[in-house]
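> Chains as they are written, first to last, in our numbering: chain A, 1 to 378; chain B, 1 to 378.
Treat the hints loosely; a few may be bogus.
What the hints assert, rightly or not - Simulated crosslink set (DMTMM-like; lysine to aspartate or glutamate; CA at most 25 Å straight-line):
1. B:LYS100 with B:ASP112
2. B:LYS41 with B:GLU27
3. B:LYS246 with B:GLU171
4. A:LYS108 with B:ASP314
5. A:LYS100 with B:ASP364
6. A:LYS309 with B:ASP116
7. A:LYS108 with B:ASP305
8. B:LYS100 with A:ASP363
9. B:LYS100 with A:GLU304
10. B:LYS108 with A:ASP300
11. B:LYS108 with A:ASP364
12. B:LYS309 with A:ASP122
13. B:LYS100 with A:ASP297
14. A:LYS374 with A:ASP297
Hints in this document: simulated from the structure, not taken from any laboratory.
2 protein chains.
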Amino acid sequence: MKKSSPETTHSDLDTKTITLIESIAGEVRATIDDGKLPDIKLPVRSLDNVTYDEGKGYFELGDARKTRSLTVSTARSFAQTLRLMATSRSMVEHDDFATKREVYYISKNWGDCRFDEQVESDAIMDDIEAMASMQGLSREQLRFYPESHGGSVAGLLTVIDRNPATGEAIEIDCANLGSGAYSIPRSAEHLTFRTDAQFVLAIETGGMFQRLNNHRFWETARCIIVEMGGVPTRATRRFIRLLSDKQNLPVYCFVDCDPYGFTNIYRTLKVGSGNAAHINRFLCVPQARFLGVTPQDIVDFGLEDATHKLTATDIKRAQDALRNDPFIIAHSEWIAAIKQMLQMGVRAEQQALAKWGLNYVIDDYLPRKLVNTKGFLP
Amino acid sequence: MKKSSPETTHSDLDTKTITLIESIAGEVRATIDDGKLPDIKLPVRSLDNVTYDEGKGYFELGDARKTRSLTVSTARSFAQTLRLMATSRSMVEHDDFATKREVYYISKNWGDCRFDEQVESDAIMDDIEAMASMQGLSREQLRFYPESHGGSVAGLLTVIDRNPATGEAIEIDCANLGSGAYSIPRSAEHLTFRTDAQFVLAIETGGMFQRLNNHRFWETARCIIVEMGGVPTRATRRFIRLLSDKQNLPVYCFVDCDPYGFTNIYRTLKVGSGNAAHINRFLCVPQARFLGVTPQDIVDFGLEDATHKLTATDIKRAQDALRNDPFIIAHSEWIAAIKQMLQMGVRAEQQALAKWGLNYVIDDYLPRKLVNTKGFLP
Chain A
1 MKKSSPETTH SDLDTKTITL IESIAGEVRA TIDDGKLPDI KLPVRSLDNV TYDEGKGYFE
61 LGDARKTRSL TVSTARSFAQ TLRLMATSRS MVEHDDFATK REVYYISKNW GDCRFDEQVE
121 SDAIMDDIEA MASMQGLSRE QLRFYPESHG GSVAGLLTVI DRNPATGEAI EIDCANLGSG
181 AYSIPRSAEH LTFRTDAQFV LAIETGGMFQ RLNNHRFWET ARCIIVEMGG VPTRATRRFI
241 RLLSDKQNLP VYCFVDCDPY GFTNIYRTLK VGSGNAAHIN RFLCVPQARF LGVTPQDIVD
301 FGLEDATHKL TATDIKRAQD ALRNDPFIIA HSEWIAAIKQ MLQMGVRAEQ QALAKWGLNY
361 VIDDYLPRKL VNTKGFLP
Chain B
1 MKKSSPETTH SDLDTKTITL IESIAGEVRA TIDDGKLPDI KLPVRSLDNV TYDEGKGYFE
61 LGDARKTRSL TVSTARSFAQ TLRLMATSRS MVEHDDFATK REVYYISKNW GDCRFDEQVE
121 SDAIMDDIEA MASMQGLSRE QLRFYPESHG GSVAGLLTVI DRNPATGEAI EIDCANLGSG
181 AYSIPRSAEH LTFRTDAQFV LAIETGGMFQ RLNNHRFWET ARCIIVEMGG VPTRATRRFI
241 RLLSDKQNLP VYCFVDCDPY GFTNIYRTLK VGSGNAAHIN RFLCVPQARF LGVTPQDIVD
301 FGLEDATHKL TATDIKRAQD ALRNDPFIIA HSEWIAAIKQ MLQMGVRAEQ QALAKWGLNY
361 VIDDYLPRKL VNTKGFLP
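This is chain A alone, in the form it adopts within the complex:
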């Protein structure tokens, strides 16, 4: 363990979180002291209240607000909202956290305002998260952590964490984990980084990640590799975003050539998802670009006989994207790529490159792609 300067940003945000919670609670209290019924204003979390701003690069929550007033019928959810905010405040003060499931169980000692089902606590947590997001605070800063950990990381990166007991800095050298890797924690807010890498390579499958790691691709390519394992979890997205922001690194995505890879995995990483617009500003990675596999790669790298026919679901997903996905519609390159895929009638997995030998991907495909990063899909 080595000493480093304290992570000021992290505790600044903690102060901001407590201030936000106290100001809302203070208003509720003042209204009651005035003999009136209190209310809390919360952003509307529905697709109607979502906009896509190409400049900002992510789906964003609009200005619509709903008001949770204290009435006979809302007494329970009103109290639950306040208690959940108090829980969050207490966790910030004690440097602790809770998963969504734990939050649900904590309420079992709240008497009449206990949650009967987790879906109730999740909805109220989403409300509080949406409210906090308007102040630039994420769910992780409220100390509500996702259940799923992040993907694996290896390469030219030192992660600087801290010992929660002593505050001492802990440095993790991701170039020195052998065939293993660094597993991203559920919250990355407190992490800082040191790196000589030139880019981050975000990889769809675990198998491909293991191949690039075992052959130390990151050493020759001067990069950091991250395993997404399908659609990346919150923790993975936030980690890549923070890493890219703080170190000013481009992010290249290496994903299957199919509508799911384009519109679910890559699109979610880059701009976020429509039904969670209040969190996209923290989780999306606007710096991301799509390295491949592209429909043109199938031709350029002779993968025709290692493809699979598009399924009916694939075709529907692609057509929906062309018609309704604001991100796709905003980029003519993506429209052309998806149309090319539909015209070819096939999809290709990143493992299909193994047709030319297990390490063709390392020796040929990636080097050839990486000489022309400007040609990556947006």
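With chain A fixed as given, assemble chain B onto it according to the hints.
Below, chain B alone, put in the same frame as chain A:
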């Protein structure tokens, strides 16, 4: 990176793998040279050919064999079996590996004996794996790696890996990864360990793992914590098994109190699964014992109001286990526990302990359980 002695066990097994492949191929060749039609004998991989030996502690493949003879109708699968064995040999020689999906794609250049679907290559790989298992060789030693990585690890453990390019030893200190963790690679065969820990704690959920890791439970409890993330993957099972074998460490499992936790997660970790009997000898962890959550814990720790009613699926699974699961039937303690759960009519998650406060699990539950490890379910 520090130097260490070369991993002799690993290369001994490589020699054994190549010898096995050469001897089978040699027999086929000799038979053909004699002007006869060759055949290959493979273990039967069906439930009929599975036995449970309590002494050994795992489901095991029986003696039944099937013969794959070269005929007009088997020419393709016979050739595929030989080519897949040749692929395995080549990977051992080049210190490489392939996922099941990659193996399928490699065949795209095999002309008429290419695999049309992955289900074909998987079946032949299972045959070869079963054959190798009779010689004490696992699928990983054949260099066929699973797609899924293992769970996360933290605590009093140094993993000793090697740089595949230089052979230099790489040491990973799992007590020094902050809020992150060590992600278990797809193959653990080449790893060695150094530890002062007194036991391994295998944890069902990621959320609980993060809690114990962030609060450095492993430091006070002198242990290694492993996140299973539901039913543990091959990589996680093999890692725990090797760690426990090589360091002579007991393994305690901390799992939800429900039939899925008992008979799927715990039972799979401890004795393996019935439909993959040829691999259980490598993957099962006979040292494992069940710390909790037990039905009696619900009473002892006052969790009654944080339980959920057993579903119809839960009840069916529990009743099936009592009737048909050779592992459960062999242990009266498990029969009693499952009957108690059925009688109580409820299940409890490990997160339910949060009812008494987020860190009740660290401050009360685990310490109280760990004073009586002899009382753990077998």
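> If a hint holds in the structure, say so; if it doesn't, say that too.
A quick look at each hint next to the structure:
1. Only pairs whose Cα atoms come within 25 Å are accepted, and LYS100 of chain B paired with ASP112 of chain B is accepted, the gap being roughly 20 Å.
2. Of the supplied pair hints, the one linking LYS41 of chain B and GLU27 of chain B holds, its CA atoms being roughly 11 Å apart against a limit of 25 Å.
3. Simply put, LYS246 of chain B and GLU171 of chain B have alpha-carbon atoms about 17 Å apart, close enough for the 25 Å limit, and the pair holds.
4. Between the alpha carbons of LYS108 of chain A and ASP314 of chain B the distance comes to roughly 23 Å, so the proposed pair stays at or under 25 Å and holds.
5. Distance hint between LYS100 of chain A and ASP364 of chain B is fulfilled; the C-alpha atoms sit about 22 Å from each other, no more than 25 Å.
6. Between LYS309 of chain A and ASP116 of chain B the alpha-carbon distance is near 13 Å, which keeps this suggested pair within the 25 Å criterion.
7. The suggested pairing of LYS108 of chain A with ASP305 of chain B holds, with an alpha-carbon distance near 7 Å, which does not exceed 25 Å.
8. For the proposed pair LYS100 of chain B and ASP363 of chain A, the alpha carbon gap of about 21 Å is at most 25 Å, so the pair holds.
9. Of the pairs offered as hints, the one joining LYS100 of chain B and GLU304 of chain A holds, with about 20 Å between alpha carbons and a cut-off of 25 Å not exceeded.
10. For the proposed pair LYS108 of chain B and ASP300 of chain A, the alpha carbon gap of about 17 Å is at most 25 Å, so the pair holds.
11. A distance of roughly 18 Å separates the Cα atoms of LYS108 of chain B and ASP364 of chain A; the hinted pair therefore holds under the 25 Å criterion.
12. Annotation: proposed proximity of LYS309 of chain B to ASP122 of chain A holds, straight-line Cα distance about 21 Å (limit 25 Å).
13. Of the supplied pair hints, the one linking LYS100 of chain B and ASP297 of chain A holds, its CA atoms being roughly 23 Å apart against a limit of 25 Å.
14. At most 25 Å may separate the alpha-carbon atoms for a hinted pair to count; LYS374 of chain A and ASP297 of chain A meet this at roughly 15 Å.
Checked against the numbered hints given earlier, the structure satisfies every one of them.
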